[in-house]
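**Q** Chains as they are written, first to last, in the numbering used here: chain A, 12 to 535; chain B, -7 to 330; chain C, 96 to 374.
Calculated from the structure, these hints are not laboratory results.
Incorrect hints may have been included.
[What the hints assert, rightly or not] Dumping the calculated EDC-like pairs for lysine to aspartate or glutamate here, alpha-carbon to alpha-carbon at most 20 Å:
| # | chain 1 | residue 1 | chain 2 | residue 2 |
| --- | --- | --- | --- | --- |
| 1 | A | K455 | B | E42 |
| 2 | A | K474 | A | E490 |
| 3 | A | K39 | A | D216 |
| 4 | A | K326 | C | E137 |
| 5 | A | K476 | A | D96 |
| 6 | A | K476 | A | D141 |
[Claimed, not checked] Reference listing, derived: stretches of chain A covered by chain C, where coverage requires no fewer than 3 residues with Cβ under 8 Å from a Cβ of chain C:
| # | stretch |
| --- | --- |
| 7 | 251 to 262 |
| 8 | 321 to 331 |
| 9 | 395 to 402 |
| 10 | 408 to 420 |
Beta carbons are placed, not taken as given, at the ideal position from N, Cα and C, and that holds for glycine.
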Amino acid sequence: MRRLYGLLVVVSLLSLLAFGGAAAQEEKVLVVGLSEDYNGLDVHRAYEPGGSLIHKAVYDTLVTFPTDSVSEILPNLAESWTISDDGLVYTFTLRDDVVFSNGDPLTAEDVVFSFNRMKNLKDNPAFLADGIASVEAPDERTVVLTLAAPDPAILAKLVFDAFSVVNAEVVRAQGGTDAENASEVDTAELWFNDNSAGTGPYMVDFYEPTVQTVLVRNPNYWGEAPYFDRIIIRNMPEAATQKLALEAGDIHIAMDITADQLPSLEGNPNISVFSTQSDTLIFLLMNQNPEIGGPVSDPKVQLAVRYALDYEGLKLLGGAGTNTPAAMVPLGFAGALDASEALPRDLDKARSLLAEAGYPDGFTVDLRYPDFTYIGTQFSLVAQKVQADLAEVGITVNLVPEELQVSLEAYRGGQHGFGLWLWNPDYYDTLDYVEFLPGGVVGKRANWTDENADATILELRDKVKVETDPEVRNQLFREIQLYEQQSGPFAPLFQPGVHFAYSAALKGFNYNGQWRVDLSLLSF
Amino acid sequence: MSLSAYFLRRLLLAVPLVIGISLVSFIIANLVPSDPMAANLGERAAADPEIVAAFRAKWGLDEPFFVQYFTYLRNLLSGDMGTSIRTRRPVADELLRYMPATVELATAGIIVALIVGVPLGVISAVWRNRPIDFVARIISLIGVSAPVFWLALVALLLLYLRLRILPGPGRLDAVIPPPPTVTGLYTIDALIAGQWRTLGNALAHLILPAVVLGAYSAGLITRITRSAMLDVLSMEYITTARSKGLRERTVILRHGLRNALLPVVTVIGLSYGNLLTGAVLTETIFSWGGIGRFAYDSARSLDFPSIMGVSMLIALVFVLTNLIVDMLYYILDPRIRL
Amino acid sequence: MMRTLRIQIARNPLMAVGVVICLIWFSISLVAHLIAPYGPLEQNMVNRLQPPSQTNLMGTDQLGRDVLTRVLYGGRISLPAGLLVIIISTVIGTLVGAVAGYAGGMWDELLMRGTEVFMAFPTIILAMAIAAALGPSVINAVIAMVLVWWPNYARIVRSLVVSVKSNDYVEAARALGASDRHILFRTILPNCLAPAIVMATLDIGNAILLFAGLSFLGLGADPSTPEWGRMVADGVSNFDQWWLSTFPGLAIFTVVMAFNFVGDGLRDLADPRVRKARG
Chain A
12 MRRLYGLLVV VSLLSLLAFG GAAAQEEKVL VVGLSEDYNG LDVHRAYEPG
62 GSLIHKAVYD TLVTFPTDSV SEILPNLAES WTISDDGLVY TFTLRDDVVF
112 SNGDPLTAED VVFSFNRMKN LKDNPAFLAD GIASVEAPDE RTVVLTLAAP
162 DPAILAKLVF DAFSVVNAEV VRAQGGTDAE NASEVDTAEL WFNDNSAGTG
212 PYMVDFYEPT VQTVLVRNPN YWGEAPYFDR IIIRNMPEAA TQKLALEAGD
262 IHIAMDITAD QLPSLEGNPN ISVFSTQSDT LIFLLMNQNP EIGGPVSDPK
312 VQLAVRYALD YEGLKLLGGA GTNTPAAMVP LGFAGALDAS EALPRDLDKA
362 RSLLAEAGYP DGFTVDLRYP DFTYIGTQFS LVAQKVQADL AEVGITVNLV
412 PEELQVSLEA YRGGQHGFGL WLWNPDYYDT LDYVEFLPGG VVGKRANWTD
462 ENADATILEL RDKVKVETDP EVRNQLFREI QLYEQQSGPF APLFQPGVHF
512 AYSAALKGFN YNGQWRVDLS LLSF
Chain B
-7 MSLSAYFLRR LLLAVPLVIG ISLVSFIIAN LVPSDPMAAN LGERAAADPE
43 IVAAFRAKWG LDEPFFVQYF TYLRNLLSGD MGTSIRTRRP VADELLRYMP
93 ATVELATAGI IVALIVGVPL GVISAVWRNR PIDFVARIIS LIGVSAPVFW
143 LALVALLLLY LRLRILPGPG RLDAVIPPPP TVTGLYTIDA LIAGQWRTLG
193 NALAHLILPA VVLGAYSAGL ITRITRSAML DVLSMEYITT ARSKGLRERT
243 VILRHGLRNA LLPVVTVIGL SYGNLLTGAV LTETIFSWGG IGRFAYDSAR
293 SLDFPSIMGV SMLIALVFVL TNLIVDMLYY ILDPRIRL
Chain C
96 MMRTLRIQIA RNPLMAVGVV ICLIWFSISL VAHLIAPYGP LEQNMVNRLQ
146 PPSQTNLMGT DQLGRDVLTR VLYGGRISLP AGLLVIIIST VIGTLVGAVA
196 GYAGGMWDEL LMRGTEVFMA FPTIILAMAI AAALGPSVIN AVIAMVLVWW
246 PNYARIVRSL VVSVKSNDYV EAARALGASD RHILFRTILP NCLAPAIVMA
296 TLDIGNAILL FAGLSFLGLG ADPSTPEWGR MVADGVSNFD QWWLSTFPGL
346 AIFTVVMAFN FVGDGLRDLA DPRVRKARG
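Sequences and hints are given; from them, build the entire structure.
**A** Shown next as structure tokens:
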């Protein structure tokens, strides 16, 4: 036995010597470290930011954003489009040179199939298609999209990966369908994990859950061929691991770097760091229903909380790139108040507001929150900071960390009296933040409804939803945010920075809030 | 009683155990004041009653408790462990996918524990109450006292980050593709495929987590070996062997250790349970895609079918290791045969 | 008395060291509020993540709290939690084991099969499920640990009861017309308690270790409460700030090791073979 073991060691050492050097690979490989947040690669079920990174490389959408911003809509599969005067009918003209990875040409029929499948699968992204009344293909190169009501944000929504166009014939052959009852009869979901049927520069080679996702170059790509032959996305759940692997040269990009890791990376000449403000808004929710919210349902207490928070300290917690939005629209969205317009910390004011509300000696309240880390923001740390801040004005906060899903359910059900949450834009338009108003998705979670809200905010809300003139829209959003600062069940905490670190030799790195990094544009 | 009849009886006894475990885990899963819907549907989808209803019907969440439980048992008998709500793949497939990584790690951990523990225990017993015994006992106590998650961090910090002598987390370097799957154990598969570089890399990646995971068992094994050796060395046949003029080394290894191994075997069996607890922590820190990590992710997303699956699997491992321990006893100790 | 103690220390210095470290940690926990340089919840955002220095001997954490202070306070949670788990488990295990061993037959089978179910259940998964169900807290972590811990004692006590049951004095008590309850609790159990208590002492270290593991996974104390396992977890995402996890980890390590030293010594004392060998 011992002899066998010894032999084994010798053999493996010898072979290391013999093959170690020779195994240098001819093909060009990009290795990305990512905390895997997706469970599958069916693009019409896509919802997670991590998945976007992959879908962007494998699929195309009708329209797109520039590679480094989400500020304008650019043509992609559609070379042009027209919008009817009533804002209901969008007519897209497809490019004529696009082919799928198997060589089939792109037709309008594929677009119709893709949009309908996404909508009828009724999975996470399906709400994005809610306003779409019909999609039709009058001819091979024309797609007609009809809306139920005007939606100024529809083009931005179409950039979302779930609106990616797949090869209808191939997906149908794998059990995919765009029928009404697709959520019950579609069986293509697992096929997508090891295959793809897109028009993007890469194809899915295979997906090994929690280990890695491997993409290979699409030989039939209609655009400019990408530099790398193969892209390996390694699942590395811990930011610390990603940093180590990057420093050791095992990976080329670390997607989940945290602010506290930056100082030690900045001195490293082999590594470049990219920090920017994220679109994630971290906020406190104070339930409007007195039975659920208790003291925090009182508007005076809500304002007192907004004055009691140490925004500067919270900003330090988020690290470089972190900003404090002035109200419930994150910086970077059209119409957002400037950071300088944010409420200052004013403990005396907070105390007098509490006294006015009948709590001169403060009160005790549970703060419920999901116990997880999102883009480097540890919720438990934020909660502890809030606890300490509010203690200064006499409010005793008991921390109640919850498993994400348990917490989510209570939050979505409007059961959180005092909660700590985040909101990511579903699509890149300020309209998404109407959800924080009475009757909106988040508004309802704070039990802020048409019944208990005052007329001012209801009127502003109804106006902004249908306004298409950008100037007027921005003015309306401004008024809404000024209202939110003084009244309402939310307190904005901060917009954490988002950080990436990558090999300094890598060229073409650009960030965009939708898909983060376009891997197909990278090279050495 | 014949060997086969004995084991048949033991196997039959395992049936109520497995049913009991399935019931307990089912009850716990249903105690949770929440349902997996929230965990597995996005922000907007969960607000749409139609999508929610479709989701509930699809996963049978709208049935009463006992109906759900009996459906589960019935499917289980036909080998169907249900589909994971989180990953949407069959639970049986998932278990098969993650099991090999944990088997590889746990086995390596046990090997480390044996390589360290048995010699240390023997030395400690032979030179009882000498300084070397003292040192061996301290080492073994350190092994059972260090928190596995902390040991993992310290080891990574020192050996990977500072000294760079061992590879970091993961089962292979990022640039090395896994070998073609036969057993799912990278080391064995690489050996089968003749990919020596992959083998070397997989072995190197195994060292840190295996040592960390095996530390506790190593301490335990040292302790047990020592006390078993002390027992055996005071037996008459040892005295007899010595008086026959056999070399001390032969006496200790051939006559002493062989008989002292029995309790060690038991400890290895019981250690598997400990290893699994350790595996959840070790796999988390070492990004090791095994059952421990899968269990952790499943529990966090209230993925009932997966939690049930993992629990059943572990129960099965528990039963099997106990059975194997018994079998080894049977082989090693002739007295039981009477 | 003093002489015996001195002899014990000479024979088993490790045990003496263990006792001393345990006493030190218990005293630290009792007087943490007197000796800690700062408050355990005192935040200082400007001074966050500072390495060990003269003002903060073990550095500061992400919220600028003094790590040393929190390490000193940490024992206030871990030590009682570990002890509580062992005490409750011993009580439950003893009761179940005693009834099973004494009643025998069907009751024995039923109780012991039930015991096996809980033994085979992976602690961590159970704890995670319970934390998900009831919310993470020290009490819930203790409940989860007790659920998987008591069967060990049930097994031991059962086998002890079975062997004591056949003794003459039990027969005598029965002949005198004592009730089953009287025989079990007054005659049999007192004779089984000593080994069970030795075993329980041996397990305290393990219980503290497992509790730390659960807190590490976020299944224990509320995050602002200074607790060692939780503090080590803070260091996982911050490898660069090595002091975050190193010091609380060392605290767990020394406490558990001290208990193991004591337990090891106790075992030797209870083990006639060792006594004989030392003659």
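**Q** Take the hints in turn and mark each one as holding or not.
**A** Against the structure, the hints come out as follows:
1. A:K455 - B:E42: 18 Å, holds
2. A:K474 - A:E490: With Cα atoms ~11 Å apart, K474 of chain A and E490 of chain A stay inside 20 Å; holds.
3. A:K39 - A:D216: 15 Å, holds
4. A:K326 - C:E137: 18 Å, holds
5. A:K476 - A:D96: Distance ~18 Å between K476 of chain A and D96 of chain A Cα, so the pair holds.
6. A:K476 - A:D141: 16 Å, holds
7. 251 to 262: holds (count 3)
8. 321 to 331: holds (count 5)
9. 395 to 402: holds (count 4)
10. 408 to 420: holds (count 8)
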